[in-house]
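Model the placement of chain S on the given structure of chain U, informed by the hints.
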Amino acid sequence: MSANLSSILFLITGVLFILALRGLSSPETSRMGNFFGITGMVLAIVVSILSVNILFNNLIYFIIALSIGGIIGGMIAFKIPMTAMPQLVAGFHSLVGLAAVLVAVSAYYSPESFGLGAYQNIKTASIVEMGLGVSIGAITFTGSIIAFMKLQGLMSGSPITFPGQHYLNAILGILIFSLIIYLISNQSSQIFWMLILASLLIGFLIIIPIGGADMPVVISMLNSYSGWAAAGIGFTLENTALIITGALVGSSGAILSYIMCKGMNRSFLNVILGGFGTDTSSEDTKVKTEQKPVKSGNAEDAAFLMKNASSVIIVPGYGMAVAQAQHALREMVDKLKKNDVKVSYAIHPVAGRMPGHMNVLLAEANVPYDEVFELDNINNDFANTDVAYVIGANDVTNPVAKTDPKSPIFGMPVLDVEKCKSVLFVKRSMSPGYAGVDNELFYRDNTLMLFADAKKMTEDIVKSLD
Amino acid sequence: MEIDPFIFRLSIFVLSIFIGYFVVWSVTPSLHTPLMSVTNAISSVIIVGAIIASFSYSETGDISFSNILGFLAVILAAINIFGGFLVTQRMLQMYKKKEKKKNK
Numbered sequence: 011m012s013a014n015l016s017s018i019l020f021l022i023t024g025v026l027f028i029l030a031l032r033g034l035s036s037p038e039t040s041r042m043g044n045f046f047g048i049t050g051m052v053l054a055i056v057v058s059i060l061s062v063n064i065l066f067n068n069l070i071y072f073i074i075a076l077s078i079g080g081i082i083g084g085m086i087a088f089k090i091p092m093t094a095m096p097q098l099v100a101g102f103h104s105l106v107g108l109a110a111v112l113v114a115v116s117a118y119y120s121p122e123s124f125g126l127g128a129y130q131n132i133k134t135a136s137i138v139e140m141g142l143g144v145s146i147g148a149i150t151f152t153g154s155i156i157a158f159m160k161l162q163g164l165m166s167g168s169p170i171t172f173p174g175q176h177y178l179n180a181i182l183g184i185l186i187f188s189l190i191i192y193l194i195s196n197q198s199s200q201i202f203w204m205l206i207l208a209s210l211l212i213g214f215l216i217i218i219p220i221g222g223a224d225m226p227v228v229i230s231m232l233n234s235y236s237g238w239a240a241a242g243i244g245f246t247l248e249n250t251a252l253i254i255t256g257a258l259v260g261s262s263g264a265i266l267s268y269i270m271c272k273g274m275n276r277s278f279l280n281v282i283l284g285g286f287g288t289d290t291s292s293e294d295t296k297v298k299t300e301q302k303p304v305k306s307g308n309a310e311d312a313a314f315l316m317k318n319a320s321s322v323i324i325v326p327g328y329g330m331a332v333a334q335a336q337h338a339l340r341e342m343v344d345k346l347k348k349n350d351v352k353v354s355y356a357i358h359p360v361a362g363r364m365p366g367h368m369n370v371l372l373a374e375a376n377v378p379y380d381e382v383f384e385l386d387n388i389n390n391d392f393a394n395t396d397v398a399y400v401i402g403a404n405d406v407t408n409p410v411a412k413t414d415p416k417s418p419i420f421g422m423p424v425l426d427v428e429k430c431k432s433v434l435f436v437k438r439s440m441s442p443g444y445a446g447v448d449n450e451l452f453y454r455d456n457t458l459m460l461f462a463d464a465k466k467m468t469e470d471i472v473k474s475l476d
Numbered sequence: 013m014e015i016d017p018f019i020f021r022l023s024i025f026v027l028s029i030f031i032g033y034f035v036v037w038s039v040t041p042s043l044h045t046p047l048m049s050v051t052n053a054i055s056s057v058i059i060v061g062a063i064i065a066s067f068s069y070s071e072t073g074d075i076s077f078s079n080i081l082g083f084l085a086v087i088l089a090a091i092n093i094f095g096g097f098l099v100t101q102r103m104l105q106m107y108k109k110k111e112k113k114k115n116k
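These protein sequences, in sequence, are chains U and S.
Using our numbering, you'd call the opening residue of the first sequence number 11 and step up by one each time.
Using our numbering, you'd call the opening residue of the second sequence number 13 and step up by one each time.
Some clues are possibly wrong.
[As the list claims (entries may be wrong)] With the Cβ distance kept under 8 angstroms, some of the chain S side facing chain U (calculated, not the full set):
1) 54
2) 61
3) 84
[Unchecked claim] Computed list of lysine-lysine pairs in DSBU-like fashion (alpha-carbon distance at most 35 angstroms, straight line):
4) U:317 with S:108
5) U:89 with S:109
6) S:109 with U:416
7) S:109 with U:466
8) S:109 with U:345
9) S:108 with U:305
10) U:352 with U:473
[What the hints assert, rightly or not] Listed next, the stretches of chain S that the computed footprint assigns to chain U, with coverage defined by at least 3 CB atoms under 8 angstroms from CB atoms of chain U:
11) 41–47
12) 76–83
Treat the hints as calculated values from the structure; they're not laboratory data.
All C-beta atoms in this analysis are idealised placements derived from N, C-alpha and C, irrespective of residue type, glycine included.
If we strip away everything but chain U, and leave its shape as in the complex, we get (with noise of 0.2 angstroms):
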């Protein structure tokens, strides 16, 4: 194939990819959109096949390889739970970091075949391009591994800390900067392999600091990364679906970090240094805790105060998601409406543990995507509201964020459910959420404690509502 017409196709490639995110705009047309993804896809994997000189051996070996991928990709994606999502993807986006990677080592050793030079003599900008891809890449990777592993607690999700954890990353980073430069004058494998080994190092420890609630940001961040890191290869492979599809990934994973952060009320820089946290509760709110009255009922006190309410909004988080309570919910639902009560869900934009983990679930449980609406667009509805019910979220709903300038939440946007008639809040425990603030509203007058596990709690009211 020549050179011009696979350029062409690739652009190709590029625009069904626009389009896919496009689809994505509203949920009837997102269908469409991944169809579009998917063709993108299969045009650049037959382009790329067309344009390479074809070794009979080679070929049954990347067969073999294509299948396999295929295969356990296949399985993953059938058999996930939704609950898992977030570490799925973080998984998924250290696979891109080991493959950009393992690219970029390829092309270093062999520049011939990618039409770089020769080896150690490979063009300048080439190797800049590359000695960036594999930085990035190699931070995607074992960034995205720590992520995993927080999320699937294989790994503690509170935050790391050590003495002088920020020197050490500013020093490996101008290292890796230095190395960058460094291979324009002297393209040998050890200064390659350094800085790859720097970058996997980094990438370490970049996460590590981070707490578990915290990672919505660091999967948005990573997704990002992913995205830079193949445009790095892009741009080194002179190819231009890579370099729209980095561009693309890159922004959205930007946006979505800010996005995240926004709904923190914290900038991107507090969040990546890390250690929320941690040493906030004071030794002063903990004794307040002890002596402040809770009231505290029961499933059939919160059956019988939903089934007299005219409206009732949700406001779900993490918990209901760990608890796996989304279908017991939907039947609560189901029940409240047959006794003609109004419901709808309200979502925070960082309740869960990744951008959007909520809706997913809900969806999961079938609940219709117009029931479902984002903090701006309800936050108004809770003055004219009977009960609200919330389940597994805290901080999200902490008023104190709007009234104590000195508590580490306040100006984040929180969810009004104070304005409520009455509030339900199921939870385990009194113990504060993740910013280690307690929540005020458990001591209103209007606020009755349901303390449970929010699956067996909201399936009893199921039984009550009866």
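Positioned in the frame of chain U, the structure of chain S alone reads:
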């Protein structure tokens, strides 16, 4: 003076960032998880690099180190492509509108 082809690629890159910026802002927040899984799937277009590596020429005609790295990269990219698109499809199938009959 002739323009370096790198400048053209850089132009494509910069313009694509802007396209990505506007397209992604128009994505509805309820589809942010599918957005992540689909961006993940499309970034596996890095398989084009893995294909070049898999078929890179070696003088002896044997399978070279670069070829092996290429095959490994093909496996990783294929996991992502199949896994990413299929799981996105699975999620998107779940997003349904209210069925009018059922709720009356």
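Numbered hints the structure breaks, given as an ascending list: Those not satisfied are hints 6 and 9.
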